[in-house]
Amino acid sequence: MSPSALRLVGIDAYYGPAQALFGLDLEVPTGSVTVLLGRNGAGKSTTMKAIMGLVALGQGEIEVGGESITGWPAYRVNRVGVGYVPEERRVFAGLSVMENLLVGMHDPDVPSQARWTHERVFDLFPPLAALRDRLAGQLSGGEQQMLTIARTLMGNPGIILLDEPSEGLAPVIVQQIVTTVKTLSAQGMTVLLSEQNVRFAAQVADRAVVIERGKALLAGSMTEISNDERVRDAYLTP
Amino acid sequence: MALEDFVSFIVAQAIAGLASAASLFLIAVGLSIVFGVTRVVNFAHGSLYMLGAYIAYSLVAVMGDSFAGYLLALLLAAVAVGIIGGVIESTLLRRIYHAPELFQLLATFGVVLIVQDLTRTIWGPDDLFAPRMPGLDGAIDILGHAIPTYDLFLIGVAFAVLGGLWLLFRKTRFGVLLRAATEDRQMVSALGIDQRWLFTAAFVLGAALAGLGGALQMPRQAASLSMDLSIIVDAFVVVVIGGMGSIAGAFIAAVLISELLAFGLVIFPQITLVLIFLVMAVTLVLKPSGLFGRPEFLTAEDVRNPDPPLQPSDAIAKAGWRVLLAWGLVAPFVLGEFSTVILTEIAILALFAASLHFLIWGGGLITFGHAAYFGLGAYGAGLAVFHLSAGMAPALLLAPVAGALGALLFGWFCVRLTGIYMAMLTLAFAQIAWSIAFQWIEFTGGDNGILGVWPSAWASDPTVFYYLAFLVCAAMIWALRHVMFSPFGYTLRGTRDSALRSSAIGVDVMRHRWLAFTLAGAAAGVSGGFFAFAKGSVFPEVLFVSTSVDGLVMVLLGGMQSMAGPILGAIAYTEIQTELNRVTDLWQLVLGVFIVALVVVLPRGLAGLSALLVRRRTS
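Protein chains in written order, with our numbering: chain U, 227 to 464; chain C, 3 to 621.
None of these hints come from the bench; they were simulated from the model.
Every value quoted in this text rests on a predicted model; they were computed, and no experiment measured them.
Among the clues, some could well be false.
Stated by the list, open to error - Label-pair ranges, simulated between beta-carbon atoms:
id, chain 1, residue 1, chain 2, residue 2, range
1, C, His100, U, Pro397, 40 to 46 Å
2, C, Ser68, U, Asp359, 42 to 48 Å
3, C, Ala321, U, Gly320, 56 to 62 Å
4, C, His100, U, Ala340, 37 to 43 Å
5, U, Gly320, C, Leu262, 44 to 50 Å
6, U, Gly267, C, Ile124, 33 to 39 Å
7, C, Ala250, U, Gln364, 17 to 23 Å
8, C, Arg503, U, Gly292, 27 to 33 Å
9, U, Ala282, C, Glu577, 34 to 40 Å
Just so it is clear, CB atoms sit at the ideal spot from N, CA and C, and this is done for glycine as well.
Sequences are here, hints too, so could you generate the full structure?
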């Protein structure tokens, strides 16, 4: 069996003196779409930041494809193939759409036919093509969400971390994101996403991990988890 | 005819102004680029400019016989300074990117001191004049005025650099990365870009531009050891007006300032400085982030870790204060009459440092120009004696008034800004006060200072004067400490920890900061007044940036988190300086290395060191 794409063992993470993750374990199988479920402040975003090296770590081990990346700076984590799409989108507002993509692009050890280019990205997100010279700060929320995903894809990641991709977006756009995630997964990419919206998660994910107070509470297949009574009570509002 | 004369005069002045704007633009834009990417305001940027001038001088002497050789010498000087900048970045700045802004400013000021002494050692203390540039040493006639061709060359270079930078930032991946990093460095890193490489590259670029600016000045003015600090203050003004991180802003503000100077000097030379000050003030009030700057956003990365709350003294601390007080009272007898001069100075500087600590630690207000209020106090007392033949007592009473009034005026502008903008504005105000004291010879005596500021007969005995200074300064320090524990002090500390939350519960943040500023100004004024009588004279140096830095080093040395810090710092710093002066001529070099080491190795000061030792022992 091939090693997990991503594995976290007993991770502690801190914001200054405040501890946010308490021995969190997580396993993301290669090729899966895994979703982190949990309330606001449960530690979903922190988990992603911990993987990217953007928060201070205490104990624990992080592995990508069996290789330890614990304590690496963000740019090195990115270069072993982990792409990060942050929660607040964080496009470079003063840069055009094309320039945003240019920042994300780098020459990887990927065969040229599998490589992401402007054209391929615009095929995935047709609306962006017409906006290529527009400043990112002038885009709508949905367009910015597409741009951040596109920007991350330009780095040719094997694993993509999507932090609350449906947050604050109109239902139509959320459906587009669903399609995008399915497309990426079909192309062989491993996806880890965090969500509060279980309905959205159920449409795309095959595995789920429930996080509460900085710990992984439950892990299993999406069907298992969404049928779990505790999860239903906590997250599936009628 | 008269109209023609007028037009040709305007054109000639405008061209002269543009020529001066060229170098100012080169240095300001470099400062701005480096700040945009690394978030460090590099005080030593003026030193790089100075190095550019000195290196160009030496290269021109070797190869400057022809136009091409001269040009090559200027370019090589820029390259050399770029390399020096790269060395400074990778050895020093890289270690302090995560340090608080104040520490970064101090560390780079340490570099200023080091470069000054090294430059003096290599090129000597005298001003150096380079020959004119072959082929550009004449003048051409424009509307009846002889315009130096070199001035036109300078203007051409400025536009070429502006165009080149525009291309770099718009059309190359490197430029796009720099712009992206200016917006969100963390995201750039998460997208796979190694920041270290980007930071070094930005710094080398900025340093080379500063070096070019300095080299280009060689045919126009002599290379001197004072050009580093004078240009950096001008550059701060330009960057504050134009907006941090903006290339167009640096260009337009440099032109604005230079034209104001060019015309101001002809029309009303006395108030030129005031004019610049007014432009800056109006800009900042209307647009606090400068003409083209973006407002600073607080991101999660920037939120400061709140300091541990100030505790009322426990039994040990109370005993410590009593010991300090008792020692102050008996010291003249124990150490002998000879030591009272130094003891007096320590008492005065302890109050100065305490007033600075009150602002920085209590209010979270980063000031780099606290010398202004110390100096205003000293000048207030000195001028009262000199012009009004006032006695010591009324002169000493005037000192805090002068300090407070200055702080009231300057503070109104400064508290509108935060962080690094505030630091630069406070510095600019202090330098303006310094240049007024320096230039207004009829009133202040200029460089010759005010002499004969001696204590009244009853306090003329050094021991008596020491007790007077000690008791008043100790009372003032106690009062400052008392304020820190008053409702006002609690509110002030609240605004420090979170300005946003404080204003959300109805606190007028600016008013509290303004009041704190004024209060600290008055306290600094008291110490300045005593300083004048202790020395018997007042010189413009009391207002100079080095006095502000002395205060900051004392606060830092003593440790920020303790109320006793500034006092311990004043004692240690005065002793160190006295000893250093005795053993070496290169005291600036030693002090610079000391400051850099202090920031890098011991950012929590002596008090922090002792806390560290205690923790080690207990764990």
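Query - In rising order, the numbers of the hints this structure does not comply with - result: As far as the earlier hints go, 5, 6, 8 are violated by this structure, in ascending order.
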